[in-house]
Amino acid sequence: MAQFGTAAPTFRQKLLRLNWELVLLIVLTASIGFAMLYSAANGSFDPWASRQISRFAVGVALMLMVALVDIRLWLRGSYFIYGACLMLLAAVELKGSIGMGAQRWLDLGFFQLQPSEVMKITVILALARYFHGFDVDEAGRLRNLWIPVLIVVAPIALVLRQPDLGTAMVVAMVGGSMFWLGGARLWQFGVVAAGVAAAVPVAWQFLHTYQKQRIFTFLNPENDPLGSGYHILQSKIALGSGGLFGKGFLEGTQSHLNFLPEKQTDFIFTMLAEEFGLIGGVGLIALYGLLIAYGVFIAFRCRSQFARLLAMGLSVNFFLYVFINIAMVMGILPVVGVPLPLISYGGTAMLTVLIGFGLIMSCWLHRDMFINRRGGLA
Amino acid sequence: MNSRDSDRQRFFTRRAALLAGGQLGLLTALVGRMYYLQVVESERYQTLAEENRINMRLLSPSRGRILDRFGVPVAVNQQNYRVLIKSENTPDVPAVLDRLAMIISIDADEKARILKEIRRKKKFVPVTVREFLEWEDVARLEVNAPDLPGVTIDVGERRFYPNGFAAAHILGYVGAPRREDLTGDPLLELPGFRIGRSGIERAFDKPLRGSAGASQLEVNAVGRVIRELDRQEGDSGRDVVLTMDMELQRTSMRRLGEESGAIVVMDVETGGVIVQASTPSFDPNAFTEGLSNAQWRSLADNERAPLRNKAIAGEYAPGSTFKMIVALAALEEGVVSAQSSFFCPGHIEVGDGKFHCWRRQGHGHVDLSRGIAESCDVYFYEIARKVGIDKISKMAMRFGLGEDLGLDVPGERSGLIPTKAWKRAVIGQPWVLGETLVAGIGQGFVLTTPLQLATMTARMVNGGNPVLPHLARDVVTRGEMAERQDKDFTPIGVNPRHLKLVMDAMTKVTQDPSGTAFAARIRQPGMSMAGKTGTAQVRRISQRERDDGVIKNWDLDWKYRDHALFVGYGPIEKPRYAISVVVEHGGGGSSVAAPIARDVMTATLDRDPARLAPGADVAGLRGPNPQGS
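Quick note, the sequences are listed as chains A and B, same order. Residues 1 to 378 (my numbering) are what the first sequence spells out, left to right. Residues 1001 to 1629 (my numbering) are what the second sequence spells out, left to right.
I should point out that these hints are in silico values taken from the structure, not numbers from a laboratory. Certain hints may be false.
To give an idea of the chain B side of the interface with chain A (calculated C-beta under 7 angstroms), a few residues [to be verified]: (1) Ala-1016; (2) Ala-1049; (3) Tyr-1560.
Listed below are several chain B residues computed to face chain A (Cβ distance under 10 angstroms; list not exhaustive) [to be verified]: (4) Ile-1153; (5) Asp-1154; (6) Lys-1423.
Cβ atoms here follow ideal geometry from the backbone N, Cα and C, with glycine treated the same way.
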């Protein structure tokens, strides 16, 4: 057995023990993305694939750096990081540039940061830190739950004001999962569910017209095939016409004839399924399943509650990206603007996902470390 | 390590396992949904994909028209119904082609071509099955449309030349782009798109072509357009206005008739080519539809070369029409004067060679005026000997012989004006005196094209202004005309008195009863033409034949007969038009070429825009030169 000790591993040991096979899986998935972006541009590296490749390279470097940092540092810094990100999100409210009719970007000059993406990770960090300090019994007490509820609700409130329904949903679900893992009682979930059900009619009043529209068309896309149902219907047509084996790389007629909207971002899975059929689509889902399972496996192996919660929470977060995006393009969920992780064209999402994997790897490297409630060694 | 922590771990493991199980379930649901869409419902979505298709279609721009100098269209566009097939919408292409073949006959070659093209192109690119359908065929195809999935009919444009044969060499023709023409411009890959292959169509292909528009169409499974969502019009091609007069061109072609030959009529002030006839000709409309192999062979192998534009690419010995050049060279060099005369006994002997005059009994005492009017060969042997070949050649080149004149229609040949240096370099032998003599009557090495002969004549009668021939006057955009900018020519610098002497002699050719073309003079009042006949020998006449009596032209095989030539200008008092006529193997210049020139010149003078509509602003016409000439 490895040293049952509490001593921190050296840099050299970390480098050797890093999950290189996980890195390989990530590179493989991202490469599929490059191929699809190449196809989306009708067989050209410009304008998407080439830029995506360079972003990915930067992201992988960042991921390894995050992985090698001592996990206790992440634990101690988690509230600070969360707070900083929350302020950034608030800043978007004050000074955000307009993109797609909604304020989501913070222009840093060289890079357009989408704080709501990063927010998801910081919420997980903060909740993992919080529940790390409690036993299961204590964590389930109501007086100990109002702080984590605040941690989740604050960003949701900001994101909803932007308004970004997709991110709000993801943050809520990730938060819920953390509560579930941290020790919240079953009946508490029941109460929240009932409360949400009661709040829906009220919340409906606050939704933007385009959001209502999206929900309507999601419920009945065939109603207005050239209006707002267009995206879902065209996506289903492209996907369905791909059949079992697909139309072949670069041969997707629906996507190449520009039927498919946003084929390089949110609807890239449709394009893959059109060109590579059921075989290709299921293959990719299996690859994603493997990546998620990896996170779950690491969570099981960790000896500190913080690392367990962090690894599991991040893997849930990754799962939610995958599930919501694919369900959305197949018409199971409304179009909410969640990218397909590692594949969709876009900088922030790519970076966030890779940082998430960096943290998961950090959990793995420090899996045998006992950490006390204040973040010191036990 | 404490029990509380291991409690916590057990709790976490249990709940995380549940969560992971839930995730697995949801991912499985996604796979199930995919299976449903891509396998169970696949066919429905494939149909939908084809039914509800929005397609970008390039709109071919209308090709610009070609107009003659009076604005009469000589190349236009007609509606062209064609059948297209899109393999993506056709489950069984050969079967559908067979069904199509029952409506419009498709032979095996055509079928092979269509199948090959379908294999080469992307599935959603339509391939042309047949163009230029009759209306009845279109109607029958429409009725049978349900049995012909993937087959569509569309209306395109087809190039049409209303005058067919008459201006084929000038206008050229259009054809489908060949592989080497493809530049990546998607326009060129459109079914049925044509580019200029020769003549004006080729020289001005760019402006005539225009730029493509685009139409966003929603089309159904059979390819029928349901509606147009968006449309951006392209720019149609620009019109090209020629200096040519179609009516005169037709007259000239008719006048040449069955002969093989060429006529060029040129405006002596501008160099604008008014007639450029070449016979036999071909039908450029046949090229638009695509020639069969047999049709092509019969055109390419024809002894009389219908595809060659003889007016610019036919190289002929100029014969006696070259004599003005020799005379001008001699006058300019001062070796003869107007009064100098020579005795013509019917031949002269130089070295051990004997050189004959066309008139065996001789002309007696001959001066410059008679030498040209009666075309005495001996006179020109004498002056050519005195002035020398290099001086003659230099003069010839100043008048545009022996060089490519840069006509705006491709295919021009440069002819040949020999010099001593040329012979040494090309043939590798020294020049001999006898060759100078032969060149003095426009035979031997000397070769000229009808275009050069007309240009030569124009430069002689316009006061020595070195005009250059051209056919296109303007390229017109939507009624706006960009006037052609004529270059300012520096006169070629031949003494005007010498030019006057030559012109007076050319006048005698038609006006003096002794002139070689007196019989072919214009008799209509108010019209006149001066000129010079020429008869170019194609074969060598041996001494034995001369002794036995020269064989008459008509007893020879067609291809051994003499070429008949004539150059001229009119009206005599105020030259405006220059003409050159060459009739291949036609016989004598005075008997064959001169009458043709007379008729064409008469028609030309008759259609002089100043006469037709005095004061009117006619396309292509410039007012009389204000400086006079």
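Here is what the structure says about each hint:
1. Ala-1016: holds (5 angstroms)
2. Ala-1049: holds (4 angstroms)
3. Tyr-1560: Constraint on Tyr-1560/B not satisfied, violated at 64 angstroms.
4. Ile-1153: violated (22 angstroms)
5. Asp-1154: Not OK, violated: Asp-1154/B not within 10 angstroms of chain A, min 18 angstroms.
6. Lys-1423: violated (60 angstroms)
Hint violations for this structure: numbers 3, 4, 5, 6, all remaining hints satisfied.
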